[in-house]
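Chains X and W, in that order, give the protein sequences. Each residue of the first sequence is one higher than the last, beginning at 79 in the working numbering. Each residue of the second sequence is one higher than the last, beginning at 2 in the working numbering.
What the hints contain is simulated information worked out from the structure, not anything from laboratory work. Don't take each hint at face value.
[Said to hold, decoys possible] Derived DSS-like pairs: lysine-lysine, alpha-carbon spacing no greater than 30 angstroms straight-line: (1) W/K136 / X/K736; (2) W/K10 / W/K97; (3) W/K10 / X/K736; (4) W/K10 / W/K79.
[Stated by the list, open to error] To spell it out: a stretch of chain W is covered by chain X in this simulated footprint if at least three of its residues, at any positions, have a beta carbon under 8 angstroms from a beta carbon of chain X; those stretches are: (5) 28-39; (6) 52-61.
Backbone N, C-alpha and C define an ideal beta-carbon position, used for all residues, glycine too.
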Amino acid sequence: MSDGFEASEFITGFIAEAEEHLTSANANLLSLDQASAAGQPTPRQVRELFRSLHTIKGLAAMVGVEPIVDIAHAMETVLREADRAAGQLPVGSVELLLRGTRAIGQRVAALAKRKPVAAAPSTLVEALNALRQSGSNRPQAAAGTTLADDLWARLGSAEREQLLQGLMAGRRGVVATFIPAPERANAGINITSVRERMATVAEIVKVVPQSIPATESAPGGLAFALILLTDATDEVVAEASSSDPATLRPIALQSGPPAATEEGEESDDDTNPRQQGVVRVEVARLDDALEKLSALVVTQFRLTRAVAALRATGTDTRALALVVADNGRQLRDLRSSIMRARMVPVAEVLERVPLLLRGLSRSTGKQARLELRTGKTELDKAVAERIFPAVVHLIRNAADHALESPAERRAAGKPETGLITVVAVERSDNQLELTISDDGRGVDAAAVARRAGVPVPATDDGLLELLTRPGLSTKSEVTTTSGRGVGMDVVKRIAVDELRGALAMTTIRGQGTTFVLRVPLSITIVDAFSFVSGGETFVVPVAMVEEIQELDPSRTVRGPDRRRVARATPDRRQVARGTDMIERRGEAVPLLRLDEIFGLAVEGAAGRKVIIVRRNGEPFAFAVDRMLGQQEVVVRPLDDRLVRVDGISGTTDLGDGKPTLVLDLVALGGKLITGPGPGRERAHA
Amino acid sequence: MSELHVLCKVNDTEYVLPAADVLQMESFAGATKVPGAAAQVAGLVQIRGRVVPVVDLRVVFGLTPIPPTLDSRVVVMKASERVVGLLVDSAREVLKIPADDFHPPPAVLVQQTDGLVKAVAQVGNRLLMLIDFIKVIGEEHDDGDE
Numbered sequence: 079m080s081d082g083f084e085a086s087e088f089i090t091g092f093i094a095e096a097e098e099h100l101t102s103a104n105a106n107l108l109s110l111d112q113a114s115a116a117g118q119p120t121p122r123q124v125r126e127l128f129r130s131l132h133t134i135k136g137l138a139a140m141v142g143v144e145p146i147v148d149i150a151h152a153m154e155t156v157l158r159e160a161d162r163a164a165g166q167l168p169v170g171s172v173e174l175l176l177r178g179t180r181a182i183g184q185r186v187a188a189l190a191k192r193k194p195v196a197a198a199p200s201t202l203v204e205a206l207n208a209l210r211q212s213g214s215n216r217p218q219a220a221a222g223t224t225l226a227d228d229l230w231a232r233l234g235s236a237e238r239e240q241l242l243q244g245l246m247a248g249r250r251g252v253v254a255t256f257i258p259a260p261e262r263a264n265a266g267i268n269i270t271s272v273r274e275r276m277a278t279v280a281e282i283v284k285v286v287p288q289s290i291p292a293t294e295s296a297p298g299g300l301a302f303a304l305i306l307l308t309d310a311t312d313e314v315v316a317e318a319s320s321s322d323p324a325t326l327r328p329i330a331l332q333s334g335p336p337a338a339t340e341e342g343e344e345s346d347d348d349t350n351p352r353q354q355g356v357v358r359v360e361v362a363r364l365d366d367a368l369e370k371l372s373a374l375v376v377t378q379f380r381l382t383r384a385v386a387a388l389r390a391t392g393t394d395t396r397a398l399a400l401v402v403a404d405n406g407r408q409l410r411d412l413r414s415s416i417m418r419a420r421m422v423p424v425a426e427v428l429e430r431v432p433l434l435l436r437g438l439s440r441s442t443g444k445q446a447r448l449e450l451r452t453g454k455t456e457l458d459k460a461v462a463e464r465i466f467p468a469v470v471h472l473i474r475n476a477a478d479h480a481l482e483s484p485a486e487r488r489a490a491g492k493p494e495t496g497l498i499t500v501v502a503v504e505r506s507d508n509q510l511e512l513t514i515s516d517d518g519r520g521v522d523a524a525a526v527a528r529r530a531g532v533p534v535p536a537t538d539d540g541l542l543e544l545l546t547r548p549g550l551s552t553k554s555e556v557t558t559t560s561g562r563g564v565g566m567d568v569v570k571r572i573a574v575d576e577l578r579g580a581l582a583m584t585t586i587r588g589q590g591t592t593f594v595l596r597v598p599l600s601i602t603i604v605d606a607f608s609f610v611s612g613g614e615t616f617v618v619p620v621a622m623v624e625e626i627q628e629l630d631p632s633r634t635v636r637g638p639d640r641r642r643v644a645r646a647t648p649d650r651r652q653v654a655r656g657t658d659m660i661e662r663r664g665e666a667v668p669l670l671r672l673d674e675i676f677g678l679a680v681e682g683a684a685g686r687k688v689i690i691v692r693r694n695g696e697p698f699a700f701a702v703d704r705m706l707g708q709q710e711v712v713v714r715p716l717d718d719r720l721v722r723v724d725g726i727s728g729t730t731d732l733g734d735g736k737p738t739l740v741l742d743l744v745a746l747g748g749k750l751i752t753g754p755g756p757g758r759e760r761a762h763a
Numbered sequence: 002m003s004e005l006h007v008l009c010k011v012n013d014t015e016y017v018l019p020a021a022d023v024l025q026m027e028s029f030a031g032a033t034k035v036p037g038a039a040a041q042v043a044g045l046v047q048i049r050g051r052v053v054p055v056v057d058l059r060v061v062f063g064l065t066p067i068p069p070t071l072d073s074r075v076v077v078m079k080a081s082e083r084v085v086g087l088l089v090d091s092a093r094e095v096l097k098i099p100a101d102d103f104h105p106p107p108a109v110l111v112q113q114t115d116g117l118v119k120a121v122a123q124v125g126n127r128l129l130m131l132i133d134f135i136k137v138i139g140e141e142h143d144d145g146d147e
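Please model the entire structure based on the sequences and the hints provided.
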């Protein structure tokens, strides 16, 4: 019997872990759904989803629950291929993957109730496999149309999306071919005139020039494939393209669009008056614009210096200085315009919430009404993406734990249908306040305290602190929608730790609970390299780095007097004058050991990588121990003067809950040559 | 009229801080070092999503820092806009000390502690020293320690 006991121990652990991964998988799927509707690739979500399912599969195999292994395996395979296709998921996969997580969730729930686990639904597994096959045969056309691969490959992601959306909305896709020839040109028919005529009968997704074997009818060896969405007949299209109707090729969706109502709602959106005059732009394009703007700012900085240098020679630069000042102001304005373009309406962020709640109502048997009051509030796309899973958690918790069953509510003299309200308000301090309230049973402080093994907290703040402890749950019985209340710690991590916002709660027994999330409207997110030096982890913005190299001792010149540089208390001027140089493309680059500069040097430890930055055109190389990786980080400024130090621009959280310093190596390099530096070191470093 | 005070220990000497200025007390397992910051800055910790500089009171009082123990505490305090944590060897008790019980510190103590002790209270047979928080965090050396 001891075997049985052990297995059940395992299963309890499995259930808890599987639920956690399902919760994160669902959150990722929802954000993925949103992102793919906006035409954005979703490599991060795809990878995280893959990891979740991979873990679920491994765990399920360990406890021997074959049906879950089968479903997770089918899902995992689709995701692995999407990951290889840079996060591009086949059309219709989100719906299928959601069904997959639901199917796994049901089986986990059955396990928890010690009920027999149903076999993997074969239709679902087959559908998933079908996705995969269409994906693997046509890796580029993973999104699934019958458009020839060579043409598909020429489409940008926005054009692919345009084509797919058009087809899904029921429009006809057609490829028409126009072959230019001298006699046609003489008759005034060329690609420009064809384009013009075509635009009156069809939506041109793209015109792709192709080379074809030169023949009598195609003496130029050139043809134009016009990829079209149209409601016109073949004859009309052929006429417009001056081609034979027989040469038209239809474009169809390869795996039919999911029959879910979601898609219908979405195409409705396109005709929604709110959407008029709106262009959907990939965030990457805005980021690109911002990046180019940063380059412009650097140029402006150089210009300012050049003007200063000119003034130093006695030249009258007043007129010039005015222009430079104007230029600087305009750049700042441009920057804020771009930042504004990144803002998305909160209403749009939350537009899937009603759908979520409908699903929850169905699975819990509770009745819930949702009231969304978001007004015209907006927030940065990056913040929106991060905060959405937290809001989803809170709504799930409200629907699942907080709201009572209709019978209970009747007995308590409440309307049978519970009310969940989501209100978004923009605060004056550049913060968005999201209030999620329910009129449910309120948090049972005594039960929470019992679970945590502590006295009952006197205040709601104290109670919230307990609720957000990792792994705490008040629900002894597992429910399908939000597991065991897993997630409050995640909500806090997102809102407070990642976004540097705030989370508050008020709860009244029998009357309901209100959560208030406060997040900044926009955050500074930079792409950064993380690395280790002197045993500490640091990050440096990618934009600041010119190059990362292996440290090649044979190309390093070790200067004299290095030993004079005390290890723990370096004199910065001396370090700066240090003659360590590396040779780089014929240029001698000063080599600075970051661990020495920071007083973190360990005897015998030699840097293995160099990070090269450039300040005013002058390169510097910083030797560090090793590179860790590259990721997007949220940078928080260091406000207190106790810790305001040149070369340190702020901190970030790499996910370990500890602050990691964000370095400004350019400023640090500058400090070292222009010295005298602050020269402060911790005595006990 | 009595006021609540947090009692903490540094090198077996007992100090008190006004509880009204204390935001929270957290255990301490090390901080992110800030190279180039003043010697008494033990580093940065993240407490409830906020990045807080930590000042090691041992260093402030001219003692050698010790590795964190299970008793080590960061007493997070607020003064106007600034939030700074004070690292102490331990912090367990909260005491009510009537304002009348505080007396100006003896001149020799003022001298020895650079005015970091604002007042002294006698509670039973214990001598408790009230720390001047502003003085502690305002004390930022501009030059090296050499």
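Quick rundown of the hints versus the structure:
In summary, the hint linking W/K136 to X/K736 is supported, as the alpha carbons are separated by about 27 angstroms, within the 30 angstroms threshold. Simply put, W/K10 and W/K97 have alpha-carbon atoms about 17 angstroms apart, close enough for the 30 angstroms limit, and the pair holds. Using a Cα cut-off of 30 angstroms, the hinted pair W/K10 and X/K736 holds, with the two alpha carbons roughly 26 angstroms apart. Between W/K10 and W/K79, the direct Cα distance comes to roughly 20 angstroms. Compliance with the 30 angstroms bound is thereby established for this hinted pair.
Here the segment 28-39 of chain W counts 7 residues with a CB under 8 angstroms from a CB of chain X, which clears the bar of 3, and the coverage holds. Against chain X, the segment 52-61 of chain W contributes 4 residues with a C-beta closer than 8 angstroms to a partner C-beta. That satisfies the three-residue criterion, and the hint holds.
Checked against the numbered hints given earlier, this structure breaks none of them.
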